[in-house]
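Respectively, the protein sequence lines represent chains A and B. Each step along the first sequence adds one to the number in the working numbering, with nothing skipped, and position 240 is 240. Each step along the second sequence adds one to the number in the working numbering, with nothing skipped, and position 157 is 530.
Read the hints as simulated data drawn from the structure, not as lab findings. It is possible that part of the hints are untrue.
[Claimed, not checked] Below, a list of computed lysine-lysine pairs in the BS3-like style, where the Cα atoms sit at most 25 Å apart:
#1 B:961 x B:924
#2 B:760 x B:596
#3 B:924 x B:702
#4 B:924 x A:122
#5 A:122 x B:760
#6 A:39 x A:160
#7 A:231 x A:316
#8 A:215 x A:329
#9 A:322 x A:231
#10 B:702 x A:44
#11 B:760 x B:961
#12 A:280 x A:231
#13 A:329 x A:316
#14 A:215 x A:316
#15 B:420 x B:916
#16 A:119 x B:961
#17 B:961 x A:122
#18 A:39 x B:916
#19 A:319 x A:329
#20 A:122 x B:702
#21 B:924 x A:119
#22 A:319 x A:215
#23 A:215 x A:231
#24 B:760 x A:44
#25 B:916 x B:760
#26 A:122 x A:39
#27 B:924 x B:596
#28 B:760 x B:702
#29 A:231 x A:319
#30 B:924 x B:420
#31 B:596 x A:44
#32 A:122 x A:44
#33 A:39 x B:924
#34 B:916 x A:119
#35 A:119 x A:44
#36 A:160 x A:215
#37 A:119 x B:420
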Amino acid sequence: MDAAALLNISQVLLIAILVFVAINLYLVFRLKDIDPFRKWDPDKINGTLFLLFFVVGLPVSIVATMNWSDTFTLLIHPASEHGAEIDRMHINTMIVAILVSVVTNLILFYFSWRYRYDKDNKALYYPHNNRLEIIWTAVPAVVLTLLVFDGVGVWHDIWKEIPEDQEVVNIEVNGKQFGWTARYPGEDLTFGETNIGFISEADGNALGFNKEDEKGFDDLVVQELHLPVNKLVHIDIKSRDVLHSMTLAHFRVKMDAVPGMPTYFNFTPTITTDSMRTLKQNPDFNYEMSCQQICGGGHWNMRLIVVVESEEDYNKWLKEQKTFAQFYKELNGVDLIAQANGETETTEPSSEDGEGAEGENETEATGEVAMVK
Amino acid sequence: MSDVTQNQHHTLHDELHDHAAHHHDHHGHGNFWTTYVFSTDHKVIAKQFLITGIIMAIIGIGMSTLFRLQLAFPGQSIPLLETLLGKWAPDGQLDPNFYLALVTMHGTFMVFFVLTAGLSGTFSNFLIPLQVGARDMASGFINMLSYWFFFTSSVIMVISLFVESGPAAAGWTIYPPLSALPQAIPGSGTGMTLWLISMTLFIASSLMGGINYITTVMNLRTKGMSFDRLPLTVWAFFLTAIIGVLSFPVLFSAALLLMFDRLLGTSFYLSDIFIGGEMLHYQGGSPILYQHLFWFLGHPEVYIVLLPALGISSEVISVNSRKPIFGYKAMIASMIGIAFLSFIVWAHHMFVTGMNPFLGTVFMLFTLVIAVPSAIKAFNYITTLWKGNIRFTPAMMFAIGLVSFFITGGITGILLGNAAIDIPLHDTYFVTAHFHLVMGSASAFGLFAGVYHWFPKMFGRMMNPRLGYIHFWFTFLSLYLVFFPMHFMGLGGVARHYYQYTAFDFMGVYGDLSKFITYSAIFGFVGQLFFLANFFWNIFFGKEAPQNPWKANTLEWTTPLRPGHGNWPGEIPTVYRWPYDYSKPGVKDDFLPQHIPAEEVEYEEGFQPEMPEIEKAPRPQENPAAEETEDKEG
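Work the whole structure out from these sequences, hints included.
Okay, structure coming up:
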C-alpha cells in the first residue's frame, strides 16, 4: 500500500523531471540561437490540434460514457414513483444538453481550423445580423420554456399536499454528527414529543424524548430504515447539531436536515431491495442513505441501510423492534409506563438522582432558556 | 448646464494629471516606495493585483493537488503529505478535518482571491483607464487603498492556514451552524474568525475598487468615447463592478451576523442545537437566512468572476480573428441581461435546503431564463470566428478554450437549474464538474488570455508564444480530463466534500476514475510551470515589444511602450469610431484604430469611401460622455 503510493509519487516526480529537462533543452537551443522549430507554422498546428481535439475527444467521451454508464445510479432504476418522472426529464434534458454542446463545440473547433490565418486572406467584415440574433434568442428560449414547464410540473407533483384520506407511513429521520437515526411512531401512529433539551446520551435518550409523554413510549428508535413498497412515505427530517442532507440516491430523494426547522420529503418506493438485487444482478446490493451537506470530519461516513420490502415483511419487522419504553427500561431499569401511571417505584434507587437532574433539564429546555436570553 | 461642469471637470482633471506627468518627466521615477509599493498609478496597482493573484493561485491550486492525492489513494500512507502538512497528516494519512479545510481554502482562494481580485482587480484596473482614454482612475488614492485592503486580506487568509486549530473548514460557503461552532469542527475556531476578518477586508477592497471602476467609466471617457464605442472589455468590467457594489455588502451583512453569533452569542442563524454533550443557548435563528444572504452575493459572484473573462475573450477573439465582434449590441444587451438576472436566481442553490418549494418554482423560471443571454454570447463568439483570419496567439487559444468551457460547463446548468432534476444532482460531483468548467476553467482561461494579450502593454516585453502554446495544451487537456469524468461520478451519485468514497457501495466503484482525475490534475499543475517561467522570466528578459503587437484598435496601444503615470505624454487621443473596425472593406490595413479620424484613413487604391454613421467625427464643442450620462439619468 505504502509502496504503491510511493511509486505513484515517484512517477509524478519523473514526469516533472522530464518536463524540466525539456525546458532546459529549450533554453539551450535558445541561447545558441538555434531554432529547431523554425519551419513550424503555429497557426496551422494549433488550428489542426483544435479540430483533432474534437475528433479524438468525442469518440473517447462516448466510449468512456458507455463504459461507465452502468454505474450511473442517478439515471438507472429509479426506485420511487417521482424518481421515474425525474429520470425521464433528466434523460430528455441530458439529450438536449449533449446535442447542443457537441454541435456548438464542433462548429467552434471546425471554424478554428477552417479559418486559421492565411496571409493572403482578409477576414469578412460582418458586424451583425439581426435575423441570426433573433433566431438564436428565440430557439433557446422556446426549448428552455418547454423544459421549464416540464420541470415545474414534476416539481409540483413532488411537493403536492397529501390528501386527508390517503394512507401514509410516517417516519422521522434524525441527523447528527455523524450518523442517522430513524424513528417510527409505533402502534398509536403518533410520535411522542421530543426536544433537544431532553437529550441524554447516557440514558440512551439520544433523540430527546419527553419521558412524561405517553405517546412516545411505543415509538421505535432504529438504526435501519425500513419502508413498505408502493406506500406513500412521509419522512420528517430533523437535525440536532449542524446541517445534514438526507440523501436517498436510488429514490431521487434529498432534503437538508436543519437544526431548529424540521423539513420533510414525501415519496413512494416502488422497488423492493430484493427486486433491485435481481435488477442489478448484485446479491449484496443495499439501498443506502447518505449525507450530502458538508457537516464535519465524519461527513463521508454517515451511512444508514435502507430496506424496502413487502407490507407483510415491513409489519413483521416493526413488531420485532423494541419500543422506546422497553429500550429505556432495559438500559436504565426505569419503567416509564409505570411512572406515567403514577407508580414511583423503580428497580434501582440510584436512578432517582438521575431523574432529578433530568427534571431540572426539562424546565430549562421548555421555557426559561428563551426568557434568560 | 451639466455639460459645462462636466467639461470643466475634464479639463481640470487633465491638467492635474498633465502636471503629474510633467513632474515625473522632470524627476525621473519617484522613489521606490511611491513607484512600486504605495503607487496610485492604476497600471502598477493592476500588476500588484495580478502578482498577488498568481501567488494565491499557486497556493490554491497546490491545495487542490494535495486533497486530490487523498481522493485517489484513500486509506494509503502518502509520505509527501506528512512532509508538507506535518501534524495534519500523521503517518502520511490526511486528517479528515484537514481534508475539509483544504477543500474550503481551495474554494476561498480560487473564487475570491484569484478569480475575483486577480482577474477583475487586474484587468479592470489596467484596462479601464487605458481603454476609455483616462489619465488614471477617478480616485487613484482609493484605488491604492483597494489594493492594500486586498493585500492585507490575503495575508490574513494565508496566516489562517497556520493557526493551531487549522483554517476554516466548513466549505467555501461557510454555512452555519458548522461554521459557527468550534465544537462542530476544529476549523470553526480561530481559523474561521480569521476567515471572516479577511473576507471583511476583501469586501471593503472590492467595494472601493468597484466604485472607482464605475465612476471612471461614467465620467472619464475621452472625447468621442460614447457608451456605444466602449470596448466590450470595459462594458464587462463596468457591469461587473455594478454587480459587485450591489451584492458584496450583502455578504458583509451575512459575515457580520455570523461574527455576532460566534463572538457575542446572538442567534441569527442558530437554533435548537445539542452538540458536544450539551444543549447550547441559541434559540430562534435560521440557518436558511444565512444561505439567502450568502447566495445573494454568491450567485452574482459567479458572474463577477465570469463577466470580465467574457469581456476579455470578446476583445481577444475579435482582434485575432481580424473581424469585428459579431453582434456588438447583442453582446452588451446580453451582458446587461445577465447582470440583472444574476440578482434574482440565487435560491437555485437552495432547492433542497428546506426553503419553501414554491420559491423553488420561481427561481427555476429565472434560472432557465438566464441561459438565453448566455447562449447568445456563445453563438456570437462562434460567428465572430466564421470567415475570420484567425491568428493563434496564445491569448487567442485561451479565448477559444474559454468558449468551449463556457459551452460544455454552462450547458449542464439547464439540468441543475431545474429544481426537480436538482434533487438527485444537488451536492454531487455533477455540480463540482459544472461550476469548475463554467466558472473556474472559463474564468481562468479569461485570466490567461488577458495576461498573454496585455503582457506587452504591462511590461513592454513579449512573452514566449511557444511556451504559451505548451501551457495552453497542458491546461486545456488537463482541465477537460479532470472535470469531464466528474460528470460520471456525479451521475453515479457521489457526494461532494467526501474524504473518501469507500463507505458507500454505489460510490465505491469510482476508485480508478478518481486516480485518473488526480493524475490529470497533477499533469495540469505541472503545465502551469511553463506559464510561471514564461511570465516571470519575460518581465525582465523578454523580447522588447512593438508598439502595437497584435495590431489592435483600442486606445491602450496608442500609449508609449512603457507609459508613465498619466498614460499619454501629450493630449489624450480623441475617439472617432467603435473599437471593432477590423478588415473593413476598402481600408488598406486590416485594422483601423479608434483614434484615427475619417480623413486620415488610408484606403486601398481605387476605393471610394462612403461615410457611414459610425465614422463621423464627434461634433465639436460637445462632450458625448456628459451627454451619455445625462441620457442615462433621464
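Hints and how they fare:
no., hint, result
1, B:961 x B:924, "holds (13 Å)"
2, B:760 x B:596, "violated (33 Å)"
3, B:924 x B:702, "holds (23 Å)"
4, B:924 x A:122, "holds (14 Å)"
5, A:122 x B:760, "holds (9 Å)"
6, A:39 x A:160, "violated (69 Å)"
7, A:231 x A:316, "holds (16 Å)"
8, A:215 x A:329, "holds (16 Å)"
9, A:322 x A:231, "holds (23 Å)"
10, B:702 x A:44, "violated (32 Å)"
11, B:760 x B:961, "holds (19 Å)"
12, A:280 x A:231, "holds (23 Å)"
13, A:329 x A:316, "holds (23 Å)"
14, A:215 x A:316, "holds (21 Å)"
15, B:420 x B:916, "holds (19 Å)"
16, A:119 x B:961, "holds (14 Å)"
17, B:961 x A:122, "holds (11 Å)"
18, A:39 x B:916, "holds (20 Å)"
19, A:319 x A:329, "holds (18 Å)"
20, A:122 x B:702, "holds (24 Å)"
21, B:924 x A:119, "holds (14 Å)"
22, A:319 x A:215, "holds (17 Å)"
23, A:215 x A:231, "holds (24 Å)"
24, B:760 x A:44, "holds (16 Å)"
25, B:916 x B:760, "violated (32 Å)"
26, A:122 x A:39, "holds (23 Å)"
27, B:924 x B:596, "holds (22 Å)"
28, B:760 x B:702, "holds (20 Å)"
29, A:231 x A:319, "holds (18 Å)"
30, B:924 x B:420, "holds (23 Å)"
31, B:596 x A:44, "violated (41 Å)"
32, A:122 x A:44, "holds (17 Å)"
33, A:39 x B:924, "holds (23 Å)"
34, B:916 x A:119, "holds (24 Å)"
35, A:119 x A:44, "holds (12 Å)"
36, A:160 x A:215, "violated (28 Å)"
37, A:119 x B:420, "violated (35 Å)"
Hints 2, 6, 10, 25, 31, 36, 37, counting from the list given before, are not met by this structure.
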